[in-house]
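Could you build the full structure based on these sequences and the hints that come with them?
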Amino acid sequence: MKLQIRNRDRRALLFLGIAAILYGVISLALLPAFDSLGEAASNARDKEQQLSKYRRALVRKGHYAQLLQQVRNNVAAAEARFIRGDNPTLAAVEVQTIVETAAQKNGIDLTQRNISTARRKDDFFTEIIMTLTFEATSNQLSSFLAEIRNAPEFVVVRNAQIAPAEVMQEAPKKGDAKKMLRANLTIAAALPVPVRNRG
Amino acid sequence: MVFPANSTGIELCGSDLRFAITRSAFGKLQLIALHEIAGFTTMNDLERKKAVQALVKNNRIPVSRVFLALPREHGIVRQIDLPAELAEKLADIVKPQVEMLSPWPVDEVYWDFGFDPPKKNRKLMTVTIAIVPRAFLDPWIAFFKDAGLPLSGATLSSLAYGHGVSSFWNQSTPTLILDREEDYTEGVLISGNRIAAAKGPAEAVVRQLLSAGKLSSPEGCRCIFFGRTVDASDLDENPRIPLENAKPQSTAAFGSIATSLVALKESPFRANLIPRDMRYRESRLQLVPTYVLVFLAICMGLALVAREPYQNAVYASRLDSEIRKISPQVTEVAGQESELNQLSTRSRALTQQLQNREYNLEALRELARVLPATAFLSSYSYQDGAITVSGFAQSASEIQNLLESSSLFKNVEFTSSVIRDAGGKDRFTLKMLIEASQ
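Line order of the protein sequences matches chains A and B. Take numbering that gives the first Met the number 0: the final residue in the first sequence is number 198, and no numbers are missing along the way. Take numbering that gives the first Met the number 0: the final residue in the second sequence is number 437, and no numbers are missing along the way.
FYI, nobody ran anything at the bench for these hints, they're computed from the structure. Any given hint could turn out to be false.
[Unchecked claim] Which stretches of chain A does chain B cover? Using the computed rule of at least three CB atoms under 8 Å from a CB of chain B, they are: (1) 17-28; (2) 46-59; (3) 77-84; (4) 98-104; (5) 116-125.
From a predicted model like this one, the values you see are computed outputs, not experimental measurements. Every residue gets a Cβ at the ideal spot worked out from N, C-alpha and C, and that includes glycine.
As structure tokens, then:
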């Protein structure tokens with residue numbers, strides 16, 4: 000069978016071709032482009048908000064610099080009150096030195112002492128615990144406690160158990176009672192965790 | 000023809016001038032209007048001109064393509080058969096034929112020819128030649144130009160009828176056309192590529208045509224009758240013209256309708272007797288401003304639709320570039336903010352730790368101050384802000400009362416039962432909290 004293409008058929012084919020091209024151009028190029036342009040309004044709004052946020056942040060720039068310096072100073076001052084935590088062994092030695100110096104100053108013989116290794120307490124501190132047992136008069140004990148409190152580096156009595164060496168139920172008939180106290184103290188030293196440099 | 004085009008056909012028929020306006024758009028033919036100037040030939044030149052001008056003005060007749068069909072007797076139509084392979088050189092071959100066929104000197108005639116493009120299995124092709132004396136056509140060309148209807152083409156009525164039949168039906172069925180005017184009857188028989196024409200009394204014309212077409216009777220022919228003497232009821236019997244908007248009565252103007260199609264359709268009978276250089280043609284360049292304006296209007300419309308989204312896109316892009324510009328500084332501020340937060344948290348933790356003091360000294364001093372001389376402590380324990388003391392006293396409840404009254408202690412309570420010993424003293428154990436530690 001011979002295929003005969005008349006003018007009418009040729010015109011129809013031409014229209015079909017043009018329609019196909021138009022469909023392709025519209026559906027593949029024009030409509031997607033128009034859709035993407037349609038999203039431009041919400042996109043612009045988002046960017047406006049972002050820019051406004053950024054500009055507000057820029058205004059705080061100088062203020063932040065001042066605040067940072069101030070807080071750094073505060074932190075440095077506060078950290079100076081603590082035993083340095085970058086070397087736990089040295090820190091343990093320093094705790095022992097503080098305690099022993101205080102005991103020595105007050106004429107207390109430490110009968111037993113024990114010091115733990117540094118343990119992580121929270122995000123900011125590690126802790127060294129020292130337990131000690133000794134006998135002392137009430138004056139010696141109070142002076143010792145005062146020494147500990149006023150030590151240049153921050154140490155604190157976490158637990159204390161104090162009992163008289165000899166339990167009395169009434170005052171002696173003659174003279175002063177010789178009050179010896181047996182003390183069992185737990186002393187803790189908080190060590191700031193060194194700040195890691197970023198990067 | 001793909002794009003819309005109007006064409007005006009004019010037939011000089013009897014004493015009347017008939018107009019038909021047709022339109023071709025996207026391959027479809029449409030009849031727009033029919034007009035007539037009755038008694039045209041009886042008018043003088045000035046009246047004719049005024050009548051035509053008035054008709055054109057009142058009816059807004061398109062003047063871009065105007066074709067005129069002259070009465071058949073003002074020219075001659077001849078058909079010759081030529082070998083199909085000569086199709087490409089037809090103009091050169093027909094010219095000597097015209098010299099032979101024309102009763103007038105060749106210099107004094109306009110001629111043209113139409114032919115059906117040869118098909119592959121056909122060895123011969125029929126060429127239809129029309130010849131008209133210049134002396135007859137030139138006055139009409141001048142007249143219509145003067146009247147504001149410059150002619151784009153001219154043909155003879157019999158060829159126009161043949162062209163119309165061929166354009167409308169394009170079938171091998173013979174078609175008999177009779178134009179019955181008051182003074183005469185003009186008949187044309189079209190059978191395939193063949194055309195025969197006659198003029199005279201109706202019966203003689205029909206007989207002559209049947210004889211020329213080698214037909215015994217009009218039976219089996221498509222017959223179209225029109226003209227001044229044909230009633231409207233007779234027009235209804237004519238085959239309907241396959242033209243949009245055409246009514247059965249439209250066959251009354253078959254000649255002018257067929258003439259208007261000369262500009263729009265091809266057929267073996269299509270001949271334009273006006274030489275190319277004398278044909279009125281509207282330059283396509285004059286449409287350029289229209290197309291440009293249409294294009295600009297479309298662009299303007301698209302621009303209006305796309306303006307807002309486009310401006311938003313441009314605005315978003317500028318915002319984006321501004322954001323990118325200040326982004327490093329903002330990153331620095333964000334870093335500062337983050338560092339400040341970390342340092343603040345650390346500072347709070349350090350301060351809190353420093354404030355977390357113990358109160359042993361104060362507690363021991365307060366116990367020594369408030370306890371009566373008759374009370375003796377056997378143990379003192381301090382753990383996480385809670386103090387527990389055990390001892391002997393004359394009255395345990397008195398001790399509790401004294402401690403509770405102290406500004407340093409609170410929540411003083413017994414942790415075990417109070418036992419009175421043999422010496423008459425209460426043995427107690429009290430637990431309390433430091434007021435300031437809370």
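Evaluated hints:
no.: 1; hint: 17-28; verdict: violated (count 0)
no.: 2; hint: 46-59; verdict: holds (count 9)
no.: 3; hint: 77-84; verdict: holds (count 4)
no.: 4; hint: 98-104; verdict: violated (count 0)
no.: 5; hint: 116-125; verdict: holds (count 4)
In terms of the numbered hints stated before, the structure departs from hints 1, 4, listed from lowest to highest.
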